[in-house]
Amino acid sequence: MTGVLFGRRALFLAGLVRTARPADRSGDTSARARNEAVDVLGQRTLLQRAIPGLMHAFIFYGFIVLFPTILMAMIAAVDLHATLPWLGRQGWYMALVDVFVILVLVGVGTAAVTRAVVRPRRFEGSHRGEAYLILGLIALVVLTLLCWHASLVAAGLNEWPASASFLSKALSNVFPSGDAAERVFVWAHLCTVFAFLVYLPYSKHLHIGVAAANVWFGRTRARGRLEPLRFDLPDDQLRFGAATVADLTWKQVLDGFSCTECGRCQDACPANATGKLLSPKLLIMGIRDQVFARSDAPLAGNGVPEEMIWDCVTCGACVEACPVSIEHVDHIVDLRRQLVMVDSRFPAEAEPMLRDVERSANPWGKPQTERAAWAEQLGVRVLEPGDPAPEILYWVGCAASFDERARASAESTAKLLQAAGVDFAILGPREACTGDPARRMGNEYVFQGYAEQNVATLNGAGVTKIVASCPHCFNTLANEYPDFGGRYEVVHHTELLAELVRDGRLEPAKDATQITYHDSCYLARHNDVRSAPRELVAAVGEPVEMKRHGRKTFCCGAGGAHMWMEERGRPINVERAREAAETGAGTLAVACPFCTVMLDDGVREAGAELRVADVSTLLAESLESRRSGGH
Amino acid sequence: MSSVLLYVEPGDELSLQALTLARGLGDVRAVSLGGAYQPAAWAAALADAAQGADAIVAAGSDRGNELLAHVAARLDQPFAANVTAIDGDVVTRVRWGGSLLEDARLHGSPRILSVAPHTQPAADPVQVETLTAPDDGSPRVLERVEEGTGGVSLRDAKVVVSGGRGVGSAEGFAIIEELAGLLGGAVGCSRVVTSAGWRPHTDQVGQTGTKISADLYVACGISGATQHIAGAKGAKKILAINNDPEAPILASADYAVIGDLHEIVPAISAELRKARGT
Amino acid sequence: MKILVCVKRVPITGGKIVLTDDEQEIRTLHLGFAISPHEECAVEEAVRIVEAGGGETVVLTLGPAEAEEQLRDCMAIGADRGILIKTDGTEWDPQATAAAIVDAVRGDGGFDLILFGNESADAGNYQVGIRVAAALGLPVVTGLKRIEPGESRVRCERDAGGARDVYEASLPAVLTVLEGLNLPRYPSVPGRLRAKSKPLAVVEPARPPSKLEKLRLVLPAGQGKQAEILGEGPAAAPRVVEVMQQLGVA
Numbered sequence: 001m002t003g004v005l006f007g008r009r010a011l012f013l014a015g016l017v018r019t020a021r022p023a024d025r026s027g028d029t030s031a032r033a034r035n036e037a038v039d040v041l042g043q044r045t046l047l048q049r050a051i052p053g054l055m056h057a058f059i060f061y062g063f064i065v066l067f068p069t070i071l072m073a074m075i076a077a078v079d080l081h082a083t084l085p086w087l088g089r090q091g092w093y094m095a096l097v098d099v100f101v102i103l104v105l106v107g108v109g110t111a112a113v114t115r116a117v118v119r120p121r122r123f124e125g126s127h128r129g130e131a132y133l134i135l136g137l138i139a140l141v142v143l144t145l146l147c148w149h150a151s152l153v154a155a156g157l158n159e160w161p162a163s164a165s166f167l168s169k170a171l172s173n174v175f176p177s178g179d180a181a182e183r184v185f186v187w188a189h190l191c192t193v194f195a196f197l198v199y200l201p202y203s204k205h206l207h208i209g210v211a212a213a214n215v216w217f218g219r220t221r222a223r224g225r226l227e228p229l230r231f232d233l234p235d236d237q238l239r240f241g242a243a244t245v246a247d248l249t250w251k252q253v254l255d256g257f258s259c260t261e262c263g264r265c266q267d268a269c270p271a272n273a274t275g276k277l278l279s280p281k282l283l284i285m286g287i288r289d290q291v292f293a294r295s296d297a298p299l300a301g302n303g304v305p306e307e308m309i310w311d312c313v314t315c316g317a318c319v320e321a322c323p324v325s326i327e328h329v330d331h332i333v334d335l336r337r338q339l340v341m342v343d344s345r346f347p348a349e350a351e352p353m354l355r356d357v358e359r360s361a362n363p364w365g366k367p368q369t370e371r372a373a374w375a376e377q378l379g380v381r382v383l384e385p386g387d388p389a390p391e392i393l394y395w396v397g398c399a400a401s402f403d404e405r406a407r408a409s410a411e412s413t414a415k416l417l418q419a420a421g422v423d424f425a426i427l428g429p430r431e432a433c434t435g436d437p438a439r440r441m442g443n444e445y446v447f448q449g450y451a452e453q454n455v456a457t458l459n460g461a462g463v464t465k466i467v468a469s470c471p472h473c474f475n476t477l478a479n480e481y482p483d484f485g486g487r488y489e490v491v492h493h494t495e496l497l498a499e500l501v502r503d504g505r506l507e508p509a510k511d512a513t514q515i516t517y518h519d520s521c522y523l524a525r526h527n528d529v530r531s532a533p534r535e536l537v538a539a540v541g542e543p544v545e546m547k548r549h550g551r552k553t554f555c556c557g558a559g560g561a562h563m564w565m566e567e568r569g570r571p572i573n574v575e576r577a578r579e580a581a582e583t584g585a586g587t588l589a590v591a592c593p594f595c596t597v598m599l600d601d602g603v604r605e606a607g608a609e610l611r612v613a614d615v616s617t618l619l620a621e622s623l624e625s626r627r628s629g630g631h
Numbered sequence: 001m002s003s004v005l006l007y008v009e010p011g012d013e014l015s016l017q018a019l020t021l022a023r024g025l026g027d028v029r030a031v032s033l034g035g036a037y038q039p040a041a042w043a044a045a046l047a048d049a050a051q052g053a054d055a056i057v058a059a060g061s062d063r064g065n066e067l068l069a070h071v072a073a074r075l076d077q078p079f080a081a082n083v084t085a086i087d088g089d090v091v092t093r094v095r096w097g098g099s100l101l102e103d104a105r106l107h108g109s110p111r112i113l114s115v116a117p118h119t120q121p122a123a124d125p126v127q128v129e130t131l132t133a134p135d136d137g138s139p140r141v142l143e144r145v146e147e148g149t150g151g152v153s154l155r156d157a158k159v160v161v162s163g164g165r166g167v168g169s170a171e172g173f174a175i176i177e178e179l180a181g182l183l184g185g186a187v188g189c190s191r192v193v194t195s196a197g198w199r200p201h202t203d204q205v206g207q208t209g210t211k212i213s214a215d216l217y218v219a220c221g222i223s224g225a226t227q228h229i230a231g232a233k234g235a236k237k238i239l240a241i242n243n244d245p246e247a248p249i250l251a252s253a254d255y256a257v258i259g260d261l262h263e264i265v266p267a268i269s270a271e272l273r274k275a276r277g278t
Numbered sequence: 001m002k003i004l005v006c007v008k009r010v011p012i013t014g015g016k017i018v019l020t021d022d023e024q025e026i027r028t029l030h031l032g033f034a035i036s037p038h039e040e041c042a043v044e045e046a047v048r049i050v051e052a053g054g055g056e057t058v059v060l061t062l063g064p065a066e067a068e069e070q071l072r073d074c075m076a077i078g079a080d081r082g083i084l085i086k087t088d089g090t091e092w093d094p095q096a097t098a099a100a101i102v103d104a105v106r107g108d109g110g111f112d113l114i115l116f117g118n119e120s121a122d123a124g125n126y127q128v129g130i131r132v133a134a135a136l137g138l139p140v141v142t143g144l145k146r147i148e149p150g151e152s153r154v155r156c157e158r159d160a161g162g163a164r165d166v167y168e169a170s171l172p173a174v175l176t177v178l179e180g181l182n183l184p185r186y187p188s189v190p191g192r193l194r195a196k197s198k199p200l201a202v203v204e205p206a207r208p209p210s211k212l213e214k215l216r217l218v219l220p221a222g223q224g225k226q227a228e229i230l231g232e233g234p235a236a237a238p239r240v241v242e243v244m245q246q247l248g249v250a
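Protein chains in written order, with my numbering: chain A, 1 to 631; chain B, 1 to 278; chain C, 1 to 250.
Check the hints yourself; a few may be wrong.
Unchecked claim - Subject to a maximum C-alpha distance of 20 Å in a straight line, what follows is the list of computed PhoX-like cross-link-like pairs (lysine-lysine):
no.	chain 1	residue 1	chain 2	residue 2
1	B	158	B	236
2	B	236	C	196
3	C	225	C	86
4	C	225	C	16
5	C	225	B	237
6	A	415	A	547
Please keep in mind that the hints were generated in silico from the structure rather than gathered at the bench.
Produce the entire structure from the sequences given, and follow the hints as far as they go.
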């Protein structure tokens with residue numbers, strides 16, 4: 001009967017996954033296998049929080065170790081004297097069982113205390129009642145197992161040397177000798193297990209079945225890449241994002257099933273940390289509930305409050321923190337795509353940006369004819385149609401071209417490349433917006449228009465290597481343009497400059513200035529560029545790290561097109577500026593034009609005494625001071 | 001001697017500016033029309049009155065342009081709107097709200113032209129003949145509905161303090177409103193601001209918004225697209241407050257302060273209060 | 001209701017205008033194109049009227065082949081079909097433009113409303129709508145901020161200082177509108193995809209001689225005015241107030 005109930009529900013869930021929209025998660029088998037080993041078997045992400053990690057590890061390994069005992073119980077229920085061949089007689093195994101019974105109980109106890117007494121914020125919104133029920137069932141499973149073993153020993157029916165299973169043996173002294181106790185507990189154990197099994201696929205404990213699969217199918221590379229949509233399909237096959245649950249891909253459905261409501265994503269989310277409505281956990285739970293209900297209502301507004309969808313800065317901290325490889329950013333962008341491309345329902349203040357990107361080829365709405373104005377005095381080569389391709393193309397980006405604060409990094413980078421004798425050129429007016437802000441906003445259609453245009457320009461110019469000073473441009477050029485026929489070797493300007501310093505083509509002078517470096521989300525998290533900028537900082541001053549750095553970096557607040565959207569709650573950039581100020585450093589080094597502007601504003605608003613400067617500017621100044629004889 | 005028919009809007013300074021240019025063309029007969037505004041009918045009366053005239057002139061106001069367009073359509077002659085200068089049959093007229101000029105030849109008689117606002121000095125008022133236009137059934141003003149918006153009208157304000165993209169949000173306009181209030185002026189904004197939903201279209205200064213004629217226009221965080229400058233040109237003096245020393249608006253401004261408007265605008269308000277001892 | 005909206009493709013110039021060497025046109029290399037904000041509102045209004053009461057919105061433009069882009073944009077927000085009066089890219093004067101539009105209207109026939117922007121963003125001649133109305137013998141009201149079409153008449157409002165002047169015209173009528181009439185919608189992608197296959201009729205009439213003949217374009221003197229920098233940051237405030245006092249506004 002258990003089989004029937006469990007099976008029916010399992011088939012229902014499998015059906016939901018199978019009938020969902022397609023997603024391509026094939027290939028990269030070795031990377032996937034490695035993720036399984038490290039994250040599932042090795043529990044790496046979970047162990048980043050020591051106590052909860054250990055607690056889960058105990059229960060998880062306990063489940064694996066104790067699994068054969070379920071089979072043994074089922075066999076013994078039928079034939080009292082039978083057990084699993086060989087394993088059922090191994091003393092060392094039963095000793096292990098006893099050890100893990102203790103560990104599981106410790107784990108369950110810890111978990112219960114955490115939820116009942118400590119009550120960390122990440123559980124806000126999670127179903128506590130369900131959690132206690134599951135913990136209770138787990139405890140009951142191992143306790144009935146223990147009692148069964150103890151009663152076996154008491155009745156002398158144990159097939160293994162009793163002395164090995166120390167705990168069962170100790171407990172057996174409490175049990176009367178005789179078969180009755182054994183029968184009671186073997187059935188108690190089995191009933192608990194079967195009840196749990198039936199309950200499992202209706203609860204968030206479902207994750208034990210699907211999490212491993214979700215980890216297998218997680219992104220193995222190009223984490224910053226979003227899945228493109230196709231607009232050249234017949235009407236009935238067009239998908240404009242996630243309107244209802246019917247539009248979700250099977251990976252997205254699996255994401256929902258894998259969620260354990262642990263809240264690590266919620267803790268990592270900068271929007272959540274600054275008082276916005278967004279909780280990545282509640283978002284996934286909301287979508288999951290709509291999937292279970294097979295609802296045909298729009299997801300935005302039912303299950304997911306619309307405000308949450310716009311709070312996101314696409315920093316990826318949630319994805320990084322998730323132990324079961326849920327990809328929250330994909331869900332959010334798909335929800336945005338529907339709202340922007342079909343419903344035309346999005347924050348009004350972002351409309352000028354979308355119109356400007358589309359009509360003027362940059363989100364500032366400034367004329368492209370002025371795109372290379374910053375470079376005029378510097379003698380930078382502008383690549384005209386028909387010119388021979390440079391060794392490396394410097395993709396300046398809209399921000400550095402048009403924003404007065406971001407311009408400094410372009411000027412510095414150009415001067416540095418010239419000083420190092422690098423053969424480079426810029427596209428000038430032919431460089432259109434990569435389309436990143438439109439894509440992150442959800443307007444995939446406008447994005448693709450620019451992807452195709454830029455790829456045609458780059459391919460037509462024979463460009464093979466690109467250096468970009470904006471992490472968003474960098475991410476799009478490196479990870480997303482290959483989907484549109486653009487395959488180039490793309491480096492971030494910090495990577496190129498670090499290489500030039502290493503090779504001795506640039507010789508900075510180091511001084512005692514304390515510099516703290518802010519990792520851009522699109523560099524450090526989405527693209528693993530963390531060491532190159534640090535090399536540069538260490539070459540010019542004394543580095544001091546913020547607590548949230550590297551893969552754990554805290555967003556500046558401009559991502560997800562938030563550079564052009566209003567922010568509710570406390571500003572993310574001020575929060576980060578405060579964190580930088582707390583290091584005591586006098587300089588806040590950045591490697592992104594958006595971080596430059598946001599953190600400069602943040603520092604001002606926080607009233608801190610910090611100079612915000614791009615790493616390239618610091619490097620250029622260091623070269624200048626060496627040239628002019630300073631230290 | 002050439003004769004010029006000049007349409008005059010009573011009490012309108014722009015008509016007096018048009019008079020200056022009209023005088024350069026010949027003997028001016030200044031006329032206006034009474035009764036409810038009925039463009040097609042009024043134009044018919046003007047066309048009749050223009051028999052024998054070498055030129056028909058009016059101010060390049062909404063009404064002036066509309067009337068002369070009707071007259072030109074009626075007479076099937078070319079009409080040059082917003083002219084800054086005329087030499088024989090060659091006019092120089094305004095394009096892009098003032099950011100570009102065009103030299104064009106009028107192949108027609110009489111020469112029909114309206115005078116671009118604020119490009120001529122105002123002449124002294126003259127005797128104006130009032131014509132009557134019989135109702136010809138064309139659309140006319142039926143009633144005037146008061147809007148009751150209160151506050152200083154953007155079009156008439158002596159001072160306009162205006163915010164652009166640099167203000168950053170609807171709430172950011174609080175400092176703009178504060179300064180405008182202290183100066184007894186109106187709040188304006190650029191087109192980006194209305195598109196973003198931070199201010200209503202009625203606050204928009206620009207080619208497709210309101211064209212102001214203030215004594216001082218303070219442009220805060222406005223980059224200065226031609227579309228916007230077209231609306232601000234009528235101001236006597238322009239002060240730009242901008243972070244970017246390369247912003248196009250500085251090429252049209254008389255004064256500038258470089259820096260963050262969120263710091264500068266409140267500082268100006270504070271300084272004003274100090275100067276007034278409040 | 002059958003509504004015709006006339007639009008014009010204009011470059012998005014930004015802060016500085018640069019002329020071609022022959023001084024005949026604005027240099028438009030690398031510039032984006034759009035229609036004037038007045039016209040965007042006109043198209044939006046027409047689409048709304050047809051959504052509410054049925055009918056058809058037709059968009060028309062006189063311009064080069066590239067102007068099809070602007071017609072498709074209008075179709076993306078709901079116009080049903082387009083008419084392109086194709087030119088070789090050189091400008092037509094207002095009388096010639098109006099005549100060509102009148103021919104197209106007569107060829108299509110039966111429009112209840114013909115909408116224009118009050119003036120085009122570039123040439124700003126303020127007269128095409130009025131000339132078209134005169135040629136067709138239709139009533140025309142200009143500079144409108146609100147239009148309410150009825151069965152046989154349309155009530156419209158125009159700004160007058162702080163008030164609104166109310167007009168009425170019998171249908172069919174020509175109306176010219178101003179930005180502020182409504183808030184144009186953002187085009188949806190399904191709308192854009194549908195627009196690709198909506199009907200577009202192309203005619204290519206010969207260009208009549210120009211009665212308002214463009215001789216050359218000239219950049220006004222005083223472009224590149226040098227603003228007097230009063231200071232940097234909040235420290236400039238006292239100097240600013242001084243200037244305001246000198247101007248008599250403080």
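Task: Hints violated by the structure (numbers, ascending) - done: 2, 3 and 6
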